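Participant: Chains as they are written, first to last, in my numbering: chain A, 1 to 226; chain B, 227 to 453.
Keep in mind the hints are simulated off the structure, nothing from the lab. A quick note: this is a predicted structure, and the numbers were derived from the prediction, not measured. Glycine is no exception: its CB is placed at the ideal position from the N, C-alpha and C atoms. Check each hint, because a few of them may be wrong.
[What the hints assert, rightly or not] Listing some non-contacts, in silico: residues in chain A with all C-beta distances to chain B over 12 Å:
no.	residue
1	W107
2	T115
3	K119
4	S125
5	V128
6	E135
7	D153
8	W158
9	A160
10	A182
11	L204
[Stated by the list, open to error] The calculated lysine to aspartate or glutamate pairs, modelled on DMTMM-like cross-linking and capped at a C-alpha distance of 25 Å, are:
no.	chain 1	residue 1	chain 2	residue 2
12	A	K139	A	E222
13	A	K139	B	E276
14	A	K69	A	E82
15	A	K69	B	D356
16	A	K4	A	E215
17	A	K69	B	D311
18	A	K139	B	E273
19	A	K139	B	D424
20	B	K240	B	D308
21	A	K139	A	D30
22	A	K139	A	E82
23	A	K4	A	E135
24	A	K69	A	E135
25	A	K139	B	E390
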Amino acid sequence: MREKATYLLGALGALVMISNLHTIFVGLPDDALQGMIFRIIFIHVPADLVADLFFTIALVTSVLFLARKNFIYDSITVACIEVATMLILVNLVTGSIWGRNQWGVWWTWDLRLTTQLMKFVLYMSYLVVRPAIAEPTQKATMSAIIAIFAYADVPLVWMAIRLPNVRTNHPSPVLGNGKMAAVYNAPFGMGMLALLLIGSALVLLRLHQETSQREIDSLRRELHAA
Amino acid sequence: MTHGFRTAYAIARKDLRTELRTKESLNAAASFAVVILVLFSFAFPLERDEFYAISGGLLWLVYSFAGALIVNRGFARELPNDCLDVLIASRAPGWAIFLGKAVAAFLLLLIVEFICLPVFGLFYNIRWTDSFGSLVLVIVLATWGITVVGTAFSAVTVNVRVRELMLPVLLYPMIIPLLIGAMEATTVLLSGEAMAGDNLYSLQLLVVFDVIYTALALYLIDYVLVV
């Protein structure tokens, strides 16, 4: 049942994504200033927003794990962080492509790009260290602590690169202040919905894997103990 | 509370005494730092004046490399003879054990840094004595940040299979904002600019980082040690 719901969620997300891609490529005219490349915004921005949502959930579940020692919270944390890190990669790659087209360079060390890259590196270190800890309780506890430390670092990096003489190339925010043409609102919302659905499906899938893995491990331990 | 601080003091003294007798990590960190300083001069073949622009960056890369070597020993030192289990089982509160270890690592790293500073000035013809007071403040703030995060992660990774590999993987991304602040501040000071106006941002960043991570580490260390 749960598995079916997960796949249904993913399929729904894929459908929304495909229909949205159709709107974006066929329905929308090219941007007056950027030409055709502007369409990347409907993937680029939702990817980051959905990733940040998952990182925040991971922070909450990390704290909950330390408080309650229930392994389900650890499983949710790792599922969320894995999917969110992948979404950050999507955000970085699409941004880089846009940058090459608009700025002429793939990468520049400006404020938002640096912050985003650091977020990616921080959570990558979580994913790298986690498998190296063998004992389950220890693995979950240490992972929760790393996740909390990593989340605390994100606003600091954001602040660090606002130090003097910072120049930024990244477009200023256009959401919620009326700077985006009204015709883009619907595809943007659909882009959010699509990635939210696909992301949630992936998180649930990963969560299912993680809980099964835990069951298998405990069965194996029982077998060895017997 | 007083009991905790007395315990922390005892642990810091014990760590320092063992280290100063064996000089295990001190020798390794100091010689490694000097080697890196030598290599940098080939990596960046610049004129003397140009060196001032990258001086902060060079210095803090060296310091953070040395720092990783020092904090790595922090909790690993207690592994032989199950000393760590005894420490945890003792009446010493977790935060006191952590504080003692962090203070010891902090002082050791400071020793290495003040050995490297004159060598750095000498190799690269950089005058570092003019703004020595402010430089000490920056070094103390940033070194505390490195050691507090480093010691916390040394506790996290102490039972990990490939400890020596995992600590840097965790430590460096975490201390990026700290290093950005320290590099900016040091470059400003070594270039002879005043630490005022916009330049104060980097100092504020160091203070904020230290406060947040000291609080976080002291609060979370019990979960790290007792699993």
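Participant: Please go over all the hints and tell whether each is borne out by the structure.
Facilitator: Results for each hint:
{"no.": "1", "hint": "W107", "verdict": "holds (17 Å)"}
{"no.": "2", "hint": "T115", "verdict": "violated (10 Å)"}
{"no.": "3", "hint": "K119", "verdict": "violated (9 Å)"}
{"no.": "4", "hint": "S125", "verdict": "violated (5 Å)"}
{"no.": "5", "hint": "V128", "verdict": "violated (6 Å)"}
{"no.": "6", "hint": "E135", "verdict": "violated (7 Å)"}
{"no.": "7", "hint": "D153", "verdict": "violated (6 Å)"}
{"no.": "8", "hint": "W158", "verdict": "violated (9 Å)"}
{"no.": "9", "hint": "A160", "verdict": "violated (4 Å)"}
{"no.": "10", "hint": "A182", "verdict": "holds (38 Å)"}
{"no.": "11", "hint": "L204", "verdict": "holds (27 Å)"}
{"no.": "12", "hint": "A:K139 <-> A:E222", "verdict": "holds (19 Å)"}
{"no.": "13", "hint": "A:K139 <-> B:E276", "verdict": "violated (47 Å)"}
{"no.": "14", "hint": "A:K69 <-> A:E82", "verdict": "holds (21 Å)"}
{"no.": "15", "hint": "A:K69 <-> B:D356", "verdict": "violated (54 Å)"}
{"no.": "16", "hint": "A:K4 <-> A:E215", "verdict": "holds (20 Å)"}
{"no.": "17", "hint": "A:K69 <-> B:D311", "verdict": "holds (21 Å)"}
{"no.": "18", "hint": "A:K139 <-> B:E273", "verdict": "violated (50 Å)"}
{"no.": "19", "hint": "A:K139 <-> B:D424", "verdict": "violated (43 Å)"}
{"no.": "20", "hint": "B:K240 <-> B:D308", "verdict": "holds (16 Å)"}
{"no.": "21", "hint": "A:K139 <-> A:D30", "verdict": "violated (50 Å)"}
{"no.": "22", "hint": "A:K139 <-> A:E82", "verdict": "holds (16 Å)"}
{"no.": "23", "hint": "A:K4 <-> A:E135", "verdict": "violated (32 Å)"}
{"no.": "24", "hint": "A:K69 <-> A:E135", "verdict": "holds (14 Å)"}
{"no.": "25", "hint": "A:K139 <-> B:E390", "verdict": "holds (17 Å)"}
Of the numbered hints listed earlier, those contradicted by the structure are 2, 3, 4, 5, 6, 7, 8, 9, 13, 15, 18, 19, 21, 23.
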